[in-house]
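Residue numbers (the working numbering), protein chains in the order written: chain A, 1 to 115; chain B, 1001 to 1816.
Read the hints as simulated data drawn from the structure, not as lab findings. Careful, some of the hints might be misleading.
Not everything, but these chain B residues come out facing chain A in the computed CB check (under 8 Å) [what the hints assert, rightly or not]:
1) Asn1515
2) Ser1519
3) Cys1520
4) Ala1523
5) Ile1550
6) Ser1806
Glycine residues also receive a C-beta, built at the ideal position from the N, C-alpha and C atoms.
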Amino acid sequence: MNDMSMTPKTQVWIEVCTLEDIPPQGARVIRATLGCVALFRTATDKVFALEDRCPHKGGPLSQGIVHETGVTCPLHNWVIDLETGRAKAPDEGRVRTFPVEVRDGMVLIDRALLA
Amino acid sequence: MTKKLVVIGNGMAPGRVLDHLFDKAPGAYQVTIFNAEPRVNYDRIMLSPVLSGEKAYEDIIIHDDAWYEQHGVTLHKGKKVMEIDRADRKVVADDGTVAEYDKLLIATGSSPFVIPVPGKDLQGVVTYRDLDDVDAMLDAAKSGGSAVVIGGGLLGLEAAYGLKRQGMDVTVLHLMPTLMERQLDPSAGYLLEKALADRDIKIITRANTKEITGRDGKVAGVVLEDGTELPADIVVMAVGIRPSAQLADDAGLEVGRGILVDDHLRTSDPDILAVGECVEHRGQCYGLVAPLYDMAKVIAANLAGDEAPEYTGSVTATKLKVTGIDLYSAGDFAEAEDREEIVLRDAAGGVYKRLVLKDNRIIGAVLYGDTADGAWFFDMLKKGTDISDLRETLIFGQAYAGGAPLDPTAAVAALPDDAEICGCNGVCKGAIVQAITEKGLTGIDGVRAHTKASGSCGTCTGLVEQLLKVTLGDAFQPDAVQPMCGCTDLGHDDVRRLIVAQELKSIPAVVQELNWKTSCGCAKCRPALNYYLLATWPGEYVDDKQSRFINERVHANIQKDGTYSVVPRMWGGITTPNELRAIADVADKFQIPTVKVTGGQRIDLLGVKKEDLPAVWADLNAAGMVSGHAYGKSLRTVKTCVGTDWCRFGTQDSTGLGIKLERFLWGSWTPHKVKLAVSGCPRNCAEATCKDIGVVCVDSGYEIHFAGAAGMHVKGTELLCTVATEAEVMEYVGALMQLYREQGRYLERIYKWADRVGFDVARDQVVENAERRKELNARFVYSQQFMQNDPWAERAQGKDAEEFTSFRLGHLGKVA
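Please model the complete structure; the sequences and the hints are all you need to start from.
Structure representation (structure tokens):
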């Protein structure tokens, strides 16, 4: 089981990109050792980081259409809530979410979670 | 013995008489109709939406040709009756056609009043009565310019709104101090004036027209008594109507303002009846549809042998059909000593309601901004309900009448059985509920078919739906219009219509103006909207790539492992050694695991990593290849056989034609994918008869087929037509593509579209109507100039670079 609430002992924020590097209602991908992480930007400039793997058949969520605070997986149209990582009913499943911050136009993630 | 019924006029009133008559006494009469207009019966109430572009003529037809045939009616289109010969009981038309009658029904309607000023006969001065007038206005609007509408009544304002929608500068001239003074009090008139000004329609009240000026016989402007001069490319007179009673007068029938009739709608000659706007009944002439329908019921019953029903006059209510302005008025609201009024005014909220009371009964109602309670007030007005007990909350409407607020369904449930739901057709609640239960109706279409309720102006559609809900409970599925998605209640066709009518040119504009329930749409509606906007505004709309499905966004097909497949275009299925070498080299260089021949006569490279895509495309471009759009709701392939080049059976150059078609059509976006094939002879080696569009060459030319499928459903094509030359094939196919692009709902294949609208629609518009075909093809050609840029070349050169690059953890920036 993924531990959704794991809190790192020491948070080390690292800069990934600028907010502008992510298209509005779009996504970019971070290739990390544990797999790919998708960075989403909503129409209202909220940024979310989620494991880039749909809980259904492993589809790359980063390639889906972003709408409000959800993304529709490109493979079979599951809708994943960007805030919780949960699949929208009636589908069931959840992907890992990661802490992410936007500071002075820079997008920051916690390095510990990507190591 | 069958009696002969002759009808003069083919408007909504006689149409309704016949509907009822055929219902009550089928076969009792042999019917002949003379229509001065060269058309079938259409819904004149809906001319305004046609003018504003929100509906098409086809949408407003009440009786199509098949209806006349089915009922054995002889319809003389474009023939005007010149004489009624009462002695010999016959009528004579302008072309000499004679028809004998046992019963004659006069339904000549009314004529627009033309103010007798100099210049009234200039070209470009029109009235607003029939489709010809609308066509004339639409024609004038094509070149933009200025329009002056004389008359600020219902019709004038609807004409002004329509012309504004069509892009003209519009000024309304109104003789009185406030607009629609016969239906509105000054306060509501003022609110209306303001709302129209917000829509950029200029209103001049107290405007007395002195002269219409012209240049070379064409209208150029309007001069007012006070010297004001207004430029005008078209002038619309909408100052009123008067009954057309001349024909009756000439025949010696008694005529006042209109043709005088008794309570059985009989004229002074008992074998001659009259109905509609041409009659005068108990001193009243009517210009709205509801009274005409009341009369129609009586006439039909009388004609069917039931003499009991009588017409005793009508109380009328009016609604203005201008999108976004809600206005309702009914009854009498002139001020007088014995009258009281209740007024609710919310200027900021744009709501104004006024009830005029006499002896504790409603005698007049004006509602502006919030018209939901119109039917409720009107019902009490007609019945003379004593409102003493409701008085304190009356103005707040039915929801507050007697306590707790009601939800809309409960409000409808609470209405009495004889409450009128559809004002146009005079249908009450009880009749609708009865039809629902007795006929087992489950949807709005059924209610329209059986009762006519909501079939005319359509504003009571919501009420009818609620009645269905009340009557059927959970069994009611409001599926009359399938909403596009959860973001809206509007169906695809309504959204497309409103995109055009309101000139919406971006997804945020649609979401905002059409009241989407979500802030920016969903994965279902956004791709559809993106397509509709792209197809509606070629060269203007900027494609929103974030609203495209991944395949169309990156111009390759996503595979189950997240890699992509790449299919270069092979025009008509023809390739060269150089192209094949380039494909082989690309496969080697980028370690592409699978190379497959597709069913569409080209080659698929499967398993390409996303970040390699631009480089793969650059290499393919270098060998002259472009995107095959194998991923798009767009033109896919044109399959061919070798035709006369090689084949001993070939009748035409099928390969060459296939290549020409593919070069003509490629790059176009469509509601769903489009696949073509061209076969060189009826042996059909290219399998053209299961394609979206297929061409089969024959000795004498080319058969054009359409609406086939070989996917989830397998379906043979229908023959569209046979043409003689390649040039004709191109024009017909271009027109067919455009018709599909304009009418098809997103994700609806050609065969489904054709099935929905009827195959004859394509045949009519692409084959029979040459002018329409040329317009469609011209629009397609126009759109194509913006579409035929190779998306691969653009991206190989750096467009959307961020799409194809990712961040690697090791390369990430500094610790913050």
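Report task. Closer than 8 Å between Cβ atoms is the bar; does Ile1550 (chain B) clear it against chain A? Give me holds or violated. Result -> Where the cut-off is 8 Å and the nearest Cβ of chain A is about 4 Å from Ile1550 (chain B), the hint holds.
Requested in this report: Report holds or violated for the interface hint on Asn1515 (chain B), using the least CB-CB distance to chain A and a cut-off of 8 Å.
Outcome: 16 Å, violated
Requested in this report: Report holds or violated for the interface hint on Cys1520 (chain B), using the least CB-CB distance to chain A and a cut-off of 8 Å.
Outcome: 5 Å, holds
Requested in this report: So, Ser1519 (chain B) near chain A? Judge it on the closest CB pair being under 8 Å.
Outcome: 6 Å, holds
Requested in this report: Return the status of the interface hint for Ser1806 (chain B): holds when the least beta-carbon distance to chain A is below 8 Å, violated otherwise.
Outcome: 4 Å, holds
Query raised in the report: Should the interface hint for Ala1523 (chain B) be scored as holding, given a Cβ-Cβ cut-off of 8 Å against chain A?
Result: Check passed: Cβ of Ala1523 (chain B) comes within 4 Å of chain A, closer than 8 Å.
Of the numbered hints given earlier, the model fails hint 1 alone.
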